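Listed in order, the protein sequences are those of chains V and A. Residues 1 to 113 (the working numbering) make up the first sequence, in order. Residues 114 to 230 (the working numbering) make up the second sequence, in order.
It is possible that part of the hints are untrue.
[To be verified] From chain V, some residues computed to sit far from chain A (all C-beta separations above 10 Å):
| hint | residue |
| --- | --- |
| 1 | Arg55 |
| 2 | Arg59 |
| 3 | Val63 |
| 4 | Arg82 |
[To be verified] Derived list of chain V stretches under chain A, where covered just means 3 residues or more per stretch with a C-beta under 8 Å from a C-beta of chain A:
| hint | region |
| --- | --- |
| 5 | 43 to 50 |
| 6 | 98 to 111 |
No lab work stands behind these hints, which were simulated from the structure alone. Values in this document were obtained by computation on a predicted structure and should not be read as measured data. Built from N, CA and C at the ideal position, the CB exists for glycine as well.
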Amino acid sequence: DVVLTQSPLSLPVTLGQPASVSCRSSQSLVHSNGNTFLSWFQQRPGQSPRRLIYRVSNRDSGVPDRFSGSGSGTDFTLKISRVEAEDVGVYFCMQGTHWPQLTFGGGTKVEIK
Amino acid sequence: QVRLVESGGDLVKPGGSLRLSCAASGFSFSDYFMTWIRQAPGKGMEWISYISGDSSTIYHADSVKGRFSISRDNAKNSVYLQMNSLRAEDTAIYYCTTVSSSSIDYWGQGTLVTVSS
Chain V
1 DVVLTQSPLS LPVTLGQPAS VSCRSSQSLV HSNGNTFLSW FQQRPGQSPR RLIYRVSNRD
61 SGVPDRFSGS GSGTDFTLKI SRVEAEDVGV YFCMQGTHWP QLTFGGGTKV EIK
Chain A
114 QVRLVESGGD LVKPGGSLRL SCAASGFSFS DYFMTWIRQA PGKGMEWISY ISGDSSTIYH
174 ADSVKGRFSI SRDNAKNSVY LQMNSLRAED TAIYYCTTVS SSSIDYWGQG TLVTVSS
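Isolated chain A (complex conformation) (with noise of 0.2 Å):
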């Protein structure tokens, strides 16, 4: 079945980096978007990345322009983000999701990010 494992979430000071990675199996991984999705304490969800299965295509929301990165290998699986210039309002647990038809159909368990001095 569908599997999407997060890791790479930690405590960053503000202005710090991280890279987050989400391993994926049980389907055929570069044929699908993927997207981080994101959901800070007490809040709704975030859409904040996607790229296409050949990532060709790549898109952020204006929240991150500029600060995050997505990237995949689909050698390995995986797709990463890579987060710039961290801020505390990007405390928040980072899910990795599959995209097809212009809807969500797998999440992961996501990966909690804080950023704190």
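Chain V extracted, bound-state conformation (with noise of 0.2 Å):
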């Protein structure tokens, strides 16, 4: 099974600062036809989550544009330019390269200082 492994596990960020956020496969997300489904979550507190990147870098409709999904192959970042107290939650990762199996990261958990 493939396994992702996000870091850090918490992350403090000051009001205004960029704050990124690594998730790492144990094998290749590039699939045979050339996609590289991993895909970016937010879940608030107390929300579902909600899809924030698809295919490595794709925001959805509706996110700001200071979240980026950015990497390849084995290694993907999502990065927030500048931390507003709304992204306050837990950001997940989630490959849907191998199929059926889809796998998440286990989470980091954004705060502010």
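Please dock the two separately framed chains into a single complex, following the hints provided.
So, in structure tokens, the structure goes:
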């Protein structure tokens, strides 16, 4: 099975400062069709998850442009350019390349210092 | 807009059964793969089951294979999860989600299943 390892587990950030979350895969996430099916989700306290990024770097509709995704192969990053109070929550990655096994990273808790 | 509403979560004894339902609206339901994802207390997300739009393709994770069964009724815009032989480790919030292009688009609000004597 594909294992996704996120770091750090916890990320205290000052308002207005950048934040970065890493997601590393135990196997390449490049599909045979050339696409890389790595997504990022945000789960605010008490809410359901919401997708922010799909296929590594594509922002979902309505997602602020301070969120960006990058990476390739086995190493991926979610960046928040300037953290706002509403960004507090848990962020996790998910791979869909190795269908039918969908797997998730363990999550990174972003909090305000 | 897309709406997914789960129901059926409850407190059940080990070895018991439960059926979860998910009512969908706001999109062409029969065109979408649907999944059940769960989140145990203090743990990360775990994919459980998914089903294709026409029910011809079904997969279950090894952790629930033989105990859980996913189904759908496109006339009712609903997907179900029949859970049998429940164990303490099945305690979790269960989410219904849509799937497209090998990613999860939308999540429901979740329903809590607690397995305890």
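Now the hints, each set against the structure:
1. Arg55: Given that some Cβ of chain A is not farther than 10 Å from that of Arg55(V), nearest at about 7 Å, it is violated.
2. Arg59: holds, 13 Å
3. Val63: holds, 13 Å
4. Arg82: holds, 26 Å
5. 43 to 50: Contact hint for the region 43 to 50 of chain V vs chain A: holds, 3 residues under 8 Å.
6. 98 to 111: This one holds; 9 residues, not fewer than the three required, reach chain A with a Cβ under 8 Å.
In this structure, the one hint that does not hold is number 1.
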